[in-house]
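Undergrad: One-letter residues, chain by chain:
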Amino acid sequence: MPTFQLKINGEPHTIEADNDTPLLWVLRDQIDLVGTKYGCGIGQCGACTVHVDGNALRSCTLQVSQLQGMDIVTIEGLSKNGDHPVQEAWKEIDVPQCGYCQSGQIMTAAALIKNNPNPSDKEIDSAMEGNLCRCGTYVRIKQAIKTASKL
Amino acid sequence: MTKVKTQYNRRSFIKVSAAAGGGMLIGFSWLAGCISDTKVEEITVPNEWFDINGYIKIGDTGLVTIYSPNPEIGQNVKTSMPMIVAEELDVDWKNVVVEQAPLNTGFYQNQFAGGSLSIRLSWNALRMAGATGRRMLLEAAAKEWEVPVLDLTATQGIIKEKNGERTITYGEIASKAVGIEIPEEVELKETKEFKLIGTSVKNVDANKIVTGKPLFGLDFKREGMQLAMIQHPPAFGMKVKDFNEEEIKRMPGVKDAFIIDTAIKEPSWSDEKGFLQLIAIVGDSTWQLMKAKRAIKANWEVISEMENSEMHLKNLEDAIKTGNVEESRKDGNPDEAFKNAAKVIERTYSSPFLAHNTMEPMNFFANVTNTSAELIGPTQTPEALEGSVSKLLDMPIENITVNMTRMGGGFGRRLYVHFGVEAAAISKKIGAPVKLIYTREDDMTQGTYRPAYQSNYKAGLDENNNLIAFSVKGSGLPEGSVFPNRFPAGTVDNYLAEKVNAKTNITTGAWRAPRSHFTAGAEQSFLDEVAEMAGKDPIDFRLELFDRAIKNPVGEKHEYDAERYAGVLKLVKEKSNWGETGPHIYRGVAAYFCHSSYVAEVVDMVLDNGYPKIKKVWCAVDCGIVVNPDAAKNMVQGGVIDGIGHAMYSQLTFNNGAVNENNFDRYQLMRHSQAPEDIEVFFVDNDIAPTGLGEPGLPPAVGALANALYQATGQRLTKQPFANQIVAKEFLD
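Chains as they are written, first to last, in our numbering: chain A, 8 to 158; chain B, 42 to 774.
The hints are simulated quantities; they were obtained by calculation from the structure and are not laboratory data.
Everything numeric in this text was worked out from a predicted model, so none of it was measured.
Each residue gets a CB set at the ideal place from its N, CA and C atoms; glycine is no exception.
Be aware that a few hints might be false.
[To be verified] Computed, partial: chain A to chain B, Cβ under 8 Å:
hint: 1; residue: 9
hint: 2; residue: 11
hint: 3; residue: 36
hint: 4; residue: 42
hint: 5; residue: 98
hint: 6; residue: 105
hint: 7; residue: 110
hint: 8; residue: 132
hint: 9; residue: 141
hint: 10; residue: 142
hint: 11; residue: 147
[Unchecked claim] List of simulated lysine-lysine pairs, DSSO-like, C-alpha gap at most 27 Å:
hint: 12; chain 1: A; residue 1: 153; chain 2: B; residue 2: 654
hint: 13; chain 1: B; residue 1: 371; chain 2: B; residue 2: 499
hint: 14; chain 1: A; residue 1: 129; chain 2: B; residue 2: 656
[Said to hold, decoys possible] Far from chain B, some chain A residues (derived; all Cβ distances over 12 Å):
hint: 15; residue: 17
hint: 16; residue: 43
hint: 17; residue: 62
hint: 18; residue: 156
Sequences and hints are given; from them, build the entire structure.
TA: Structure (structure tokens):
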């Protein structure tokens with residue numbers, strides 16, 4: 008089996024996996040980073056969102072062989088103490104219901120705010136459109152993104 | 042204070058208390074990690090914990106652990122149930138950590154998440170658990186100081202002498218409270234004395250959720266654990282015969298492959314009815330299992346009819362025409378009244394099969410040995426799972442343990458236990474611990490769907506526009522969606538409600554607010570049309586009907602309290618400034634009663650480039666005492682989005698027994714840009730013991746949506762999903 012050198016949350020990892028293994032399963036099965044969630048496996052729900060070189064991408068459709076040398080950040084590495092403005096805002100607004108999709112929502116929101124510190128409603132909608140929330144916390148997510156942009 | 046008799050099974054109470062110290066409630070290495078948030082670091086970690094009763098454990102530093110008995114599916118009971126215990130225990134919430142309790146039928150009652158019943162059924166038990174703990178601590182302090190217990194008070198975790206200087210904290214006295222006899226009677230607070238209940242407390246798992254800590258069943262890991270996937274038949278009406286077993290076993294990462302049979306004797310409502318024989322593949326890499334699954338070549342045999350959506354529509358219609366009436370109610374003489382009516386209106390409403398689509402697909406951990414079975418994972422009905430596994434393995438219930446993880450959604454889907462049973466069957470076969478994982482496609486095509494429905498409504502008005510006749514006849518695959526004794530029963534002199542069932546081999550199950558979600562949409566948009574025909578304001582029209590039910594109800598009984606029903610309509614009318622809408626805002630209203638709670642909603646819509654967009658939703662809710670107001674609002678907001686989203690966009694269709702929509706590229710769920718911009722929730726303030734909230738927010742949203750769509754587009758939409766009709770008829774030009 009081929010091996011790959013990945014940089015995840017600032018740490019180097021040597022991974023043995025099939026070429027086509029999605030990053031999602033490398034994170035969950037091999038590195039025990041289970042904050043990145045499996046929802047659909049086809050890039051339609053956003054539960055598996057991570058940052059690759061600062062961009063919010065779906066880890067279920069990224070193959071491990073494409074990622075060497077790139078800077079991968081997962082929800083566990085978004086902040087050292089769980090106090091990224093988006094995480095703080097999520098707690099302040101008490102966004103989660105079941106909570107399963109929220110790490111993906113937070114990762115997409117964090118990338119949005121980094122590039123666009125004061126997004127409009129329409130900009131929030133278009134950035135977040137790929138992240139499904141089955142519990143229906145959309146109104147609070149929008150509120151939390153606006154709160155985070157002021158923190 | 043109110044004195045109440047404690048209602049515990051005293052022997053099991055003591056047994057649990059004693060066992061807890063030995064590890065029964067405390068010892069799960071992974072689940073102990075499910076202690077809420079970071080308070081443990083802020084408050085000195087206790088050197089010793091003392092078990093007061095099965096709900097409460099107090100550390101020598103004053104930190105209090107409260108066990109949350111029921112499964113957490115996002116309805117927030119892991120926060121609100123311990124709040125109720127903490128209120129009566131009278132302890133500062135800052136000093137409380139929460140732990141998920143395991144299934145323990147000897148001690149806890151009603152450990153399930155369904156029917157919006159968690160808080161409603163456990164309200165008294167939780168209060169008593171807290172009050173009992175408080176009383177035991179007081180007695181321990183009284184004994185220590187050699188004073189009568191009546192001379193002491195306890196508040197916020199500190200016991201004081203009423204006429205003296207001495208104080209002692211719960212943490213300091215806890216060791217002496219162990220073994221104090223459980224009081225025969227305890228005093229409960231008056232509702233006006235509540236300090237914690239009625240305040241907004243944040244989700245106890247919030248820190249873990251936002252930092253991605255392991256919480257969910259799919260996150261569970263155990264040393265030596267294997268992974269497994271299943272393959273069920275590609276269509277309803279099919280059964281597996283055989284498959285390329287040897288080829289699959291040779292694939293990389295695959296350790297074993299076989300067929301399991303999960304049929305059990307005397308299955309209950311929560312057991313699988315469709316796919317009982319499954320191909321199972323075992324390995325240690327999820328991705329390699331997914332690839333092996335795709336390489337399966339199986340022979341399937343046809344064992345019953347391969348159904349399709351056209352057939353379903355016809356079967357629903359035929360059932361209404363010729364099916365047996367299973368349940369009904371008749372007041373007065375509807376036939377005669379319709380003949381005499383000045384105006385008559387008839388409409389047919391329908392909705393398709395739906396999937397639950399919890400964001401966390403079905404999964405479960407099982408470790409079956411010759412003498413025991415351990416099950417850990419997401420289940421709304423741990424007790425039912427325990428029973429089914431006991432039957433499958435022919436093993437006594439006492440040898441089976443079930444632990445609940447936080448769940449990535451429930452919506453009724455995890456009331457059904459097949460995935461836990463399948464995990465047990467696989468673990469037994471391989472003789473090792475295993476975690477079964479469904480792919481999204483497995484999850485969406487497995488069945489257990491929200492049934493498909495059709496209902497015919499008819500109403501008659503006299504020459505003064507009074508409603509004199511009303512009838513509804515509804516069919517469903519497999520059960521019609523008619524509640525004969527709900528509104529408008531009791532408000533119309535001539536009334537007929539008939540429920541008809543129809544056959545299908547598509548497996549179905551309870552889906553958030555079962556049947557109510559469809560009935561509310563159909564009935565409430567029908568009444569909107571009736572009100573329009575009568576030339577009356579839709580809220581005034583409904584209030585007139587409730588007035589009749591209050592003053593002079595028709596028939597022997599109806600299931601609702603007309604005053605409370607009218608109350609939420611009046612509240613939403615006031616809060617939304619009904620009747621004073623600005624230009625270009627299109628409004629619809631609906632109200633519904635289910636799961637013992639009353640909800641009225643107003644949807645405000647605008648046209649955005651000619652396409653309807655929901656601006657705001659106003660909700661008025663009467664669910665009795667609200668334990669945790671902001672979380673309760675979250676629940677109602679979720680219900681609104683769930684109701685609107687599914688009515689607008691979602692459907693499952695069938696071709697030759699197979700589901701056409703098998704993932705989120707084809708099955709449409711509401712997304713961010715389609716959600717209302719704001720949802721405001723108001724609660725009726727009263728002292729009634731709390732009732733359901735997980736479901737009641739959903740049903741009226743469907744009716745209010747349909748009625749707002751009519752105002753915005755001029756179209757009365759009767760077939761869900763509505764978005765299909767809007768695009769086809771109204772906005773393509």
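Undergrad: Against each hint, give a clear statement of whether it holds in the structure.
TA: Cross-check of the supplied hints:
1. With 8 Å as the threshold, the beta carbon of residue 9 of chain A stays out of range of chain B, its nearest partner Cβ sitting at about 12 Å, so the hint is violated.
2. Taken as an interface hint, residue 11 of chain A does not check out: its beta carbon lies about 14 Å from the nearest beta carbon of chain B, beyond 8 Å.
3. A least Cβ separation of about 5 Å between residue 36 of chain A and chain B falls short of the 8 Å threshold, and the interface hint therefore holds.
4. Nearest Cβ of chain B to the Cβ of residue 42 of chain A: about 2 Å, under the 8 Å cut. The hint holds.
5. Using the Cβ-Cβ criterion of 8 Å, the hint placing residue 98 of chain A at the interface with chain B is satisfied: the shortest such distance is roughly 5 Å.
6. Interface restraint check: residue 105 of chain A against chain B, minimum CB-CB distance 3 Å, threshold 8 Å, status holds.
7. Taken as an interface hint, residue 110 of chain A checks out: its beta carbon lies about 5 Å from the nearest beta carbon of chain B, inside 8 Å.
8. A hinted interface residue such as residue 132 of chain A counts as satisfied when its beta carbon comes closer than 8 Å to some beta carbon of chain B; here the least separation is about 4 Å, so the hint holds.
9. Interface restraint check for residue 141 of chain A: the shortest CB-CB distance to chain B comes to about 5 Å, inside 8 Å, so the restraint holds.
10. Using the Cβ-Cβ criterion of 8 Å, the hint placing residue 142 of chain A at the interface with chain B is satisfied: the shortest such distance is roughly 5 Å.
11. The interface hint given for residue 147 of chain A is met, as the beta carbon of that residue sits about 7 Å from the closest beta carbon of chain B, less than 8 Å.
12. At most 27 Å may separate the alpha-carbon atoms for a hinted pair to count; residue 153 of chain A and residue 654 of chain B meet this at roughly 21 Å.
13. Distance check on the hinted pair: residue 371 of chain B and residue 499 of chain B sit about 14 Å apart at the alpha-carbon level, within 27 Å; holds.
14. As the CA atoms of residue 129 of chain A and residue 656 of chain B are separated by approximately 13 Å, the hinted pair is consistent with the 27 Å bound.
15. Chain B leaves residue 17 of chain A outside its interface by the beta-carbon criterion, the shortest separation being 16 Å against a cut-off of 12 Å.
16. At roughly 7 Å, the least C-beta separation between residue 43 of chain A and chain B is not larger than 12 Å, which violates its mark as non-interface.
17. Distance to chain B confirms residue 62 of chain A as a non-interface residue, since its nearest Cβ pair spans about 19 Å, more than 12 Å.
18. Look at residue 156 of chain A: its CB is around 16 Å from the nearest CB on chain B, clear of 12 Å, so calling it non-interface holds up.
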